[in-house]
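J.: Since the structure of chain A is already known, use the hints to place chain B on it.
Just so you know, the protein sequences line up as chains A and B, in that order. Just so we're aligned: 405 in my numbering is position 405 of the first sequence, and the numbers increase by one with no gaps anywhere. Just so we're aligned: 238 in my numbering is position 238 of the second sequence, and the numbers increase by one with no gaps anywhere.
Because the hints were derived from the structure by calculation, they are not lab data. Because the structure is a prediction, the values reported are computed rather than measured. Among the clues, some could well be false.
In this list, chains with the same sequence are indistinguishable; a pair is considered to hold if it fits within one copy or across any two.
Said to hold, decoys possible - The list that follows gives simulated cross-link-like pairs (lysine-lysine, DSBU-like), each with its CA atoms no further than 35 angstroms apart:
#1 Lys548 x Lys413
#2 Lys413 x Lys56
#3 Lys413 x Lys553
#4 Lys56 x Lys548
2 protein chains.
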Amino acid sequence: MSDQPLPDTYVVGVDFGTLSGRALVVRVRDGAELGSAVSEYPHAVVDAALPGSGEKLPPDWALQVPTDYVHVLRTAVPEAVQAAGVDPSSVVGIATDFTACTMVPVRVDGTPLCETAEFVSNKHAYVKLWRHHAAQGQADRINEVAAARGEGWLGRYGGFISSEWEFAKGLQILEEAPEVYAAMDHFVELADWIVWQLCGTYVRNACTAGYKGIYQDGAYPSPDFLAALNPGFRDFVDDKLAHRLGQLGEQAGRLTAQGAAWTGLPEGIAVAVGNVDAHVSAPAAQAVEPGQLVAIMGTSTCHVMSGAVLREVPGMCGVVDGGIVPGLWGYEAGQSGVGDIFGWFVRTGVPPEYHEAAANRGQSVHEYLTDLAAEQAIGQHGIVALDWHSGNRSVLVDHELCGLLVGQTLATKPEDTYRALLEATAYGARVIVDTFAQAGVPVTEFIVAGGLTRNPLLMQIYADVLGMPLSVITSAQGPALGSAIHAAVAAGAYPDIHMAAQVMGGRQVAAYRPIQANVAAYQDLFAEYASLHDHFGRGGSEVMRRLKAIRRKASR
Amino acid sequence: MSDQPLPDTYVVGVDFGTLSGRALVVRVRDGAELGSAVSEYPHAVVDAALPGSGEKLPPDWALQVPTDYVHVLRTAVPEAVQAAGVDPSSVVGIATDFTACTMVPVRVDGTPLCETAEFVSNKHAYVKLWRHHAAQGQADRINEVAAARGEGWLGRYGGFISSEWEFAKGLQILEEAPEVYAAMDHFVELADWIVWQLCGTYVRNACTAGYKGIYQDGAYPSPDFLAALNPGFRDFVDDKLAHRLGQLGEQAGRLTAQGAAWTGLPEGIAVAVGNVDAHVSAPAAQAVEPGQLVAIMGTSTCHVMSGAVLREVPGMCGVVDGGIVPGLWGYEAGQSGVGDIFGWFVRTGVPPEYHEAAANRGQSVHEYLTDLAAEQAIGQHGIVALDWHSGNRSVLVDHELCGLLVGQTLATKPEDTYRALLEATAYGARVIVDTFAQAGVPVTEFIVAGGLTRNPLLMQIYADVLGMPLSVITSAQGPALGSAIHAAVAAGAYPDIHMAAQVMGGRQVAAYRPIQANVAAYQDLFAEYASLHDHFGRGGSEVMRRLKAIRRKASR
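In isolation and in its complexed conformation, chain A is listed as follows (with noise of 0.2 angstroms):
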């Protein structure tokens, strides 16, 4: 029977978010996509009171449940299988991507502190989520030292440290819990723990190692630096951190019985090296090559694209070896707010006839607002905005700046500002993909991804402003395919990533075209952002540090 076609085998990416975790299952041969499931993480994001002992949470923090991701293995797995219709034993490898940097306190074995006795009602020894915002002052101290001592690695991630980050959030944990501190065997990336759990293996995945953890050119940053912060951290990254990497695409291990018990796959499949949901987007919109730049837009954008060369790009979140796919430079940039700013202005800016009108239609307020917006001519509103609500990831990484909006008159609909968030987001993203011009690393491609690729006009205004055609993924769940993806490559099914990503992954090239007129009518408007951005943005005026200062002085 020579001529039987091989039985079909499948994949599992699992996506974990910052609010649930999303299943999906994938056929190899061609990347389908059979079935998912989603699972709410139970405890969801921690910010108020310690579960258990109650304890209040001071500003800015923002902790997780480690079990609420097991959770999602023994719920969202089987239940996609389920829901694929395919038999679990035709699965042949699973992959994992994660939000980052999410990091935990654990155990030798990789038991989380906070999973122990001695430590339940120690609010150190929980998860840190991404958001957690705390450690602020830790990343200050860590990007002036850095500077004063002329580190090389800090250009790597265009000057600036965030808080977010391994470094400051373990200092934070040495300088408020020295004893969580001691007792900590590693200090680990969520990506990797799931990971650890899975195949029973730690491995480093050197996408969060680089991006998160300042591993550039084969080290970590030294002990004399470390030390400088705090003699008690010379050895963080030699006692809590170091650990075998993995590049992404690998075997990381194969499935443990017990992570077979919990996931209902076969034990001993593939389980590949974490990875983060971002970067994992670009296989699933064949986003591998060098120059193809994906942006994935939800309430934020994280732009990611891969590189041939090395250029340190100034104000770029971080360039990576190996960060996106292994043998290219990984660069990474990000817009802080995006659809968090249109989200914002719908809550808290649209009078009640605009809701009454949507619901009429039956529309969201987005909706019914963005078809108002539609039929303007380009300037009609006469609104330039800045898009820094959340501060500026990128190019400027400063989270002291904010919003601006200039030319709103008492003629000035919602509609008009709606509009005008929506621009600005687009300016800010020109701005990236110019930066990257101008440092020797062109955008060849621009491919949207997430949340936001459902809004035509937003679209089609990103497309008139960068003045290029937009590629748009062909999954709507980007991130747990890319997952599978990674999943196939690690069970042997494609030699490469970039192989992988051909046939599984997809894109719909050049879904939006550039309007001549309209890229015409944006030059000037653009030109009116760009100065605003560089005036406010690079020194011409304090105003917003002034007014953030004058802000904290005023909530004391």
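T.: Below, chain B without anything else, positioned relative to chain A:
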């Protein structure tokens, strides 16, 4: 019976506003307000289609119908007398104030051309209301030619003649309806036309002649200047505009039989020289001495102040000899948008749950937002706004300017922005007060009148931002009371406006006192406002002008 007191006498003040006229009966000996009545104009503001012909009006047109004003005399005046319960025979004088610059072309006997069969269907034959803005092209040329020729009077108006004023409106008639221009014997301020109707005599009041008619140092603009605008305009002053002037508080004439029949008042009583609503409020607020500034705060704010000396104050609306009271220089400044900005925000920028919460508390949305905003510490919202949503009338005199908001974040709530807008108008007022001081005519007392005096938070913010106590007018009907005071002077009951104002006007001195900690906190925020004001208003960035130009182009 020599110790019998004289029987009480009364005066009537009539305030002609944009949509209605209000008559007020006032006791001469103490200014007691005994009765009032309001009468709406049947045609309101004609800005869509001409009555009768139905001809559609172009954008920026705003007309009125003169018979509507007579309707007020026939209804509101007798109703007010009846409401006051006084014997009409004890009324000794009547005075009026009007919006300005509101103009009508008339025959030699005062008949408006729109009431003639020949011109009833010609839109240029109607009253051009103050907010008729369709003569901007004429105003631009007036300013260009005046600047180029170095006309000395230009400095008296802050370097800028408005499209609302007499010369722009007259030139528009010449150029767009030469038949109307040729047919008109006089081009008359309604402030004077209504007095003409009452007493049969045309007297041109010194206030509008100066502020709106460019009458300075005993002369109007020269025939050569006018010919440079348009050869046919050379004799505009002599042919159409110039007429006997009357000082404020003087008697223009005596009530005719016709006027008595309309109003029910005794024939032969004193009719005062006409006046403008803002300027006439000054005596009602007892603000007729040098340095006493009265701010009439409503949709916009008009600031009037008398001064003993002549100074050319940069960016003022005008300085006129006897413009507020005879014998002193009358200074006028203005903020184009104040209550209008708050109203626009409440109408277009406040979400449904705020409207519901306000309704549940039995409050207006303004009141609800004010209560929420009042709980904040100064600077806590982190926002600074520029109050230029209607342009800037003083001190920048630039209607191309527009609104600006800096400092919004995803945490910004509607009450934050609302408070920032309240504060922005206070900063705008402070710029005017500072400019007066720098020009050598310092403000020694800041007195507020108008509808916005009802908002105590706004009043306290003004006191704190200005760093000086706020006095508040006693009357809720300032213009009508001011007119009544003029009537009393014209009737000879008082020797001059100063004496009459002391007795009949009223203000609560230092009703709001600056709180020193607040004054200090607002210094920093005002510095930010001032820096943005100068950057966007004085050439640092021309973005606002460019946005307006882009907008006009896009709207074509």
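J.: Compare the structure with each hint and give your call.
T.: Evaluated hints:
no. : hint            : in the structure
1   : Lys548 x Lys413 : both (28 angstroms within a copy, 16 angstroms between copies)
2   : Lys413 x Lys56  : between (42 angstroms within a copy, 25 angstroms between copies)
3   : Lys413 x Lys553 : both (34 angstroms within a copy, 19 angstroms between copies)
4   : Lys56 x Lys548  : within (26 angstroms within a copy, 51 angstroms between copies)
Of the hints listed earlier, there is not a single one the structure fails to meet.
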